[in-house]
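There are 4 protein chains.
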Amino acid sequence: MPKDMTETRDIFERRESAARSYCRSMPAVFTKASGSELTADDGQSYIDFLAGCSSLNYGHNDPDMKAALIDHISADGIAHGLDLHTDTKAAFLEAFDRHILEPRGMDHRVMFTGPTGANAVEAAMKIARKVTGRTNVIAFTNGFHGVTNGALAATGNGYHRGGAGMALSGVTRMPYDGYFAGATDTADFLEAMLSDKSGGVDAPAAIILETVQGEGGLNAASTEWVQRIAKLAKDHGALLIIDDIQAGCGRCGTFFSFEEMGVTPDIVTMAKSLSGFGLPMAMLLVRPEHDVFGPAEHNGTFRGNTHAFVTARVAIEKFWADDAFQKELADKAELIHGKLTELANMVEGSKMKGRGLMQGVDVGSGELAGEICAKAYENGLVVETSGSEDQVVKILAPLTTPVALLEKGFEILLSAAETVISEKTAIAAE
Amino acid sequence: MPKDMTETRDIFERRESAARSYCRSMPAVFTKASGSELTADDGQSYIDFLAGCSSLNYGHNDPDMKAALIDHISADGIAHGLDLHTDTKAAFLEAFDRHILEPRGMDHRVMFTGPTGANAVEAAMKIARKVTGRTNVIAFTNGFHGVTNGALAATGNGYHRGGAGMALSGVTRMPYDGYFAGATDTADFLEAMLSDKSGGVDAPAAIILETVQGEGGLNAASTEWVQRIAKLAKDHGALLIIDDIQAGCGRCGTFFSFEEMGVTPDIVTMAKSLSGFGLPMAMLLVRPEHDVFGPAEHNGTFRGNTHAFVTARVAIEKFWADDAFQKELADKAELIHGKLTELANMVEGSKMKGRGLMQGVDVGSGELAGEICAKAYENGLVVETSGSEDQVVKILAPLTTPVALLEKGFEILLSAAETVISEKTAIAAE
Amino acid sequence: MPKDMTETRDIFERRESAARSYCRSMPAVFTKASGSELTADDGQSYIDFLAGCSSLNYGHNDPDMKAALIDHISADGIAHGLDLHTDTKAAFLEAFDRHILEPRGMDHRVMFTGPTGANAVEAAMKIARKVTGRTNVIAFTNGFHGVTNGALAATGNGYHRGGAGMALSGVTRMPYDGYFAGATDTADFLEAMLSDKSGGVDAPAAIILETVQGEGGLNAASTEWVQRIAKLAKDHGALLIIDDIQAGCGRCGTFFSFEEMGVTPDIVTMAKSLSGFGLPMAMLLVRPEHDVFGPAEHNGTFRGNTHAFVTARVAIEKFWADDAFQKELADKAELIHGKLTELANMVEGSKMKGRGLMQGVDVGSGELAGEICAKAYENGLVVETSGSEDQVVKILAPLTTPVALLEKGFEILLSAAETVISEKTAIAAE
Amino acid sequence: MPKDMTETRDIFERRESAARSYCRSMPAVFTKASGSELTADDGQSYIDFLAGCSSLNYGHNDPDMKAALIDHISADGIAHGLDLHTDTKAAFLEAFDRHILEPRGMDHRVMFTGPTGANAVEAAMKIARKVTGRTNVIAFTNGFHGVTNGALAATGNGYHRGGAGMALSGVTRMPYDGYFAGATDTADFLEAMLSDKSGGVDAPAAIILETVQGEGGLNAASTEWVQRIAKLAKDHGALLIIDDIQAGCGRCGTFFSFEEMGVTPDIVTMAKSLSGFGLPMAMLLVRPEHDVFGPAEHNGTFRGNTHAFVTARVAIEKFWADDAFQKELADKAELIHGKLTELANMVEGSKMKGRGLMQGVDVGSGELAGEICAKAYENGLVVETSGSEDQVVKILAPLTTPVALLEKGFEILLSAAETVISEKTAIAAE
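Sequences listed follow chains A, B, C and D, in order. Each residue of the first sequence is one higher than the one before, starting from 0 at the first, in numbering that gives the first Met the number 0. Each residue of the second sequence is one higher than the one before, starting from 0 at the first, in numbering that gives the first Met the number 0. Each residue of the third sequence is one higher than the one before, starting from 0 at the first, in numbering that gives the first Met the number 0. Each residue of the fourth sequence is one higher than the one before, starting from 0 at the first, in numbering that gives the first Met the number 0.
One should not assume that every hint holds.
[Said to hold, decoys possible] List time: in silico BS3-like cross-link candidates among lysine-lysine, alpha-carbon distance up to 30 Å:
hint	chain 1	residue 1	chain 2	residue 2
1	A	Lys374	C	Lys196
2	C	Lys317	D	Lys31
3	A	Lys196	C	Lys317
4	A	Lys317	B	Lys65
5	B	Lys350	A	Lys65
6	D	Lys423	D	Lys374
7	C	Lys196	A	Lys423
8	C	Lys196	A	Lys338
Hints were generated in silico from the structure; no laboratory data involved.
Bound conformation, chain A alone:
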């Protein structure tokens, strides 16, 4: 390692908290990025199948967003505006109204929360509690909704829950779709528990779910199940919150992950790819009758990240003004499914997971999945695992990745898998 790079890394060792994580398995110091490729300070380039955990659905430094942002900054456009009116916020809202809400017949209002997904989830849970006068929120096994205390109560992951250092309250956990693997339907179970006067589950303020559990192992709920849950929420006076932070913004092949399911969530939480450029931005959509917060009742200094409004508007106008992009996504989803089937075929007992451009393979163990990703990284591919045991190799490539680059990325991945598996087989045979 050249001297400069050593020094650069030294500052992380000396001064950055032990909480840092991705940089441990992918230690390069990244300096530039464009489209679906990252470049490190040693000149090495990487294909990006992680996309900022689905925060870079349109790739790195999209030229149109980039140009608009540079123009905005050059012209002394507002960088920080609290929740004052700005021209950039108006333009974003108009684009979102015209191209997203209006065509989908959604009458929701937009609430800009603090610019993290967790903050949007906290706000959503608060609204549901305020609207219903109830405390209990139903959340599901393997759901991930953030790590601030309110949202963390709804998050299943024990490692993250442990970080709270205290028992969390206000949430009842229920099994997600498919949890009983073909036996009892989990929607039936939820219905039984909610209907049973002595079931011991308090009347819910909300039911919160992801249609595909990104962190939880790419578990994809069926349309029928989501519809059942939506109906249960309605029947029991609870709000339906769909957390579309990771699965939304086109990741599942449509703008919202749920838009072809025939359900209308009371609240939708959004973040990650919302700004289009990877800038911090989060918001929630809420049916007008549930828009009950008073002025600044839920607030936050950065609830109006105007730079993000600029790029988010471009993202909406560029990709969602017509259906061209969505069609492209369908083709890519198929390509990904094919390639992952090849991977799945290499590992006995493995399972295909997810849907759209949020697919992966459960290879049965976190160790194997981790080794495959590590080997791929060595060969120039950034890719990560997910699931309660990190057992799923997860593909979150930018939606805009050219087909050729997608194929190149899978070539690296499949070759890495082959190498790892044959090494393992060799060792086992000794």
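Here the structure of chain A is known, so what remains is to put chains B, C and D in place on it, guided by the hints.
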């Protein structure tokens, strides 16, 4: 109002949540900003004595930060990097190490949390609970630490607490410095309660405080009191968390609000002006022995806002590499004190509040304070109130505001106060 | 109604809280009781198939206990002794040791809690949390453990939970044996949730269960299920608490409800029929290694009800010194089963519930069950319903009820059922 | 120790939980008691200045109660009646109505809770939360309200709180009368906190207090303070709960501890001496408009201890039908005050505590107080300490103790104190 502006406002009415707030009393649609001035879409310009609630301590669009950010974007610098190593993060850490931590003898590690102050506070409270194995956090009357559930438990404001829709737990409230107005010392009280085996206050994981309560009405704690609290924390095995989100980054005249108090907090939370440019960025500083989170145990997609790292580095290098800026602040604090004394003299029973460039006048009623600010806004000054009854006219001008502009702003403010008060006197005399 | 009786009832109307309940459906003013019969102030006598909700397993005013108690009082024996040593406590402990613990190979210690079942449950949950350093207690659908806040969190009944006026915490609800009616095994489900690192169920301090859910509708767990749960508790570092308050003291045909299941609970809670005479007494049994409370760490003024010790000792010595009583119970259980089968045969779709002398019939609706019990009461039988919809006619006759009287009681019950059903059929036919 | 006694003690060692407490410092095995005297199995007799912690205000085995109870049992009176109507309950209610409530102009209803003080407190807090729809209950430093989770949250004692093994919620602690020792008035403080919109104390459901804190060190609130708190409760929409469990039933010289203070509590909790005979019995009094529980919404198997109703009725009729007893109490209170003044004079810096027949001396250290009580016990006096450091020698003699016996008891106590102090002085002088 010209047609275009009506349309612009219409989208806010139609689609933005009722939670929006500042735009209600300051309805202009802002389009540009530079230094300490904002411009609206009707060409009207405003002097900014609010500075994004202390998020724009270096003014709007500082030319050096702006240039560095445009360069970064133009060169396809990383926009979003999760918590991967990036050259921009390294450069920020090095600057922060060299110019801030090192000279102040602080061995703290830096943890990048989600880019909101609330997220940093949540992380801080989690660390304290994990370190101590205790749940209880001591927080103070009129403290403000954010509105996500963990932080909200520590926030005093009843309106915000009510937004939770549920009882919050894990925090014991204690009276802040001066709460008994000259009678019992509140540090004595806290000591008595913590030492009393039947006092009913559980052993604390942490004591969290702001040295000046920005939202709580510019209550400034004395050095002696902060030292007493620091000692109590130590004696009772609790971590001392100083929330420097609003009072830090030079706002009190030094980089940290507490740096001349002779205390070493176990954890410091930072946000608001940290990026220097108004971009979302938050972090906490934690003593190495308390840096106990495992990798990603507290995580968040936007914990590495690289654009913010770029501007934050420039801010540190430009303003804090030597003591020139700090000296300038001392003069401005005096100027502000003088001008506010004039305001205080207009209102019988009013009180001077705060310190440094975070001062204000408690004019005795929220109604009067609100009318003064409204009149000032009419005349081109953005200024806000604070306190439990909004009774404090609060000055949070950018620290970089030229003296002439500061004076111009105060001219508007004092004239507004005069107008409002004479109108009130006239009405009362009728 | 004669004048006196009106007056007597008047005081209840005027001065007793609306919380009174049994007296609403059984409004007689009772004055005397002996064995399995109650007498009211109008001379009417009633066969008692309720037995103080299983608090009078040995009937009313058992002559031996009565004599011993009168002797004790006459001799100025201690009536109240806090938790001081008394000869009566020693005698009870010796009898309990010799006839109950010793023969069953149980090394548990006896902790006298406040004299209510809820108090014993609260103490048990506290011990489990103190032992494990964990908060979460697993409890089951339709479980009933009392209505003080700690115990109420573990109680399933929504009506009782609602009485708290606040959200209760520290408990995770799981489906009891048979909840999925033949599909997924609920022990499998619990195992999956506890083993899933992202299942969102915190590591448990305890699993608490009744082997037969008395209030919850006479659901009887299978031996296999209880063994599975016991193993899960052990594997996951949790204490197994068996709440034997209603099902214990012979009610299921053996002294403990679980003693033929091959499990050793870490804690057993006891109350109701413990004193033998209906006097308030509760205690818990705890394995020596979990006997972690310091002196009076859990306390209570009436934790040593010495009158109850007197009668409890007699009960143990009279009924449990040999196996004669237990054999008698087996015969009576069979008789009850036969009679209830007759009842079940009258109602289509009805289900037999419970085991031992804790059996009933789920007649499908609370309305029908209530009408049957009301009619029986009219004809001189005290009998009650249970279950989440009050849909189960529940037989809790004293274990000592002579066969002839049992038969007489069932005659009333079956005849009442016949009348009610034929009336309903007649109405339906009109 | 003769063989029998060793065996008796052996069973406690072998089988009773480590939670036992009083028997540790007073290890005699008690067998008989009459009036204010206890007899142990070795024939030794003790004067009782503890009275079952104020549960035996009328002494042991009062002859009239004893006779009535034996009559009741002999006649097969109901021993256990759930909450059915019984003649004994009616007779108690009538006596309580006629001699207690009616003459004091109290329109409260009587709710029989489970027969422990903690249970009554739990019910009271539940009612307050249900009535107000709020969660927060204000409780005071050094207050003791029981150790089940709901009541324990309101109890100040850290040792007992620690027994919960988890953080308790729903209660805000405030300083009791006199906590600031002459400086800030604690009622002023409470008012400031409740009135401060950012004080961080949620709107209270109830304020709960003891007028004399029995366990907390015999702190006696002034009439003015209690009136202030009552007014604050009313002004802030909270219910006033007076916990009269230890201080009531004549202990302070009147039936209720508060009856000469000019306040009308919304709820009064009672237990301890309520039955008159030391039998488990508890209840609460609630204003009719707050009697909001539905049937059995708060329930409990032993909520109708009919034996206790028998003795409780006699107690009311015998002692409270006219003012003779109350006058006697005034004289005895004076006698006790005089004797304790002698004790106080022996110890420099000691403080007189309490009022009525609930007085003591704070001798400055738990060690000294403990040694005095131990020495007194050796010489035939049962007496205990109280307070957060066990620093108060507390006199809770039966109210019926003859003057001569009171004097004899004090003779033992003062002589014990003299011995202990002179030994200490001698050691210090060495």
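Structure-based check of all given hints:
Straight-line distance between C-alpha atoms of A/Lys374 and C/Lys196 comes to about 26 Å, which keeps the hinted pair within the 30 Å bound. Note on C/Lys317 and D/Lys31: the hinted pairing holds, with a Cα-Cα distance of about 25 Å set against a maximum of 30 Å. This hinted pair does not check out: A/Lys196 and C/Lys317 have alpha carbons roughly 41 Å apart, beyond 30 Å. For the hint linking A/Lys317 to B/Lys65, the alpha-carbon distance of about 26 Å falls within 30 Å, and the restraint holds.
For the hint linking B/Lys350 to A/Lys65, the alpha-carbon distance of about 49 Å lies beyond 30 Å, and the restraint is violated. The suggested pairing of D/Lys423 with D/Lys374 holds, with an alpha-carbon distance near 13 Å, which does not exceed 30 Å. Proximity of C/Lys196 to A/Lys423 is assessed by CA-CA distance (about 26 Å); at most 30 Å being required, the pair is judged to hold. This hinted pair checks out: C/Lys196 and A/Lys338 have alpha carbons roughly 29 Å apart, not beyond 30 Å.
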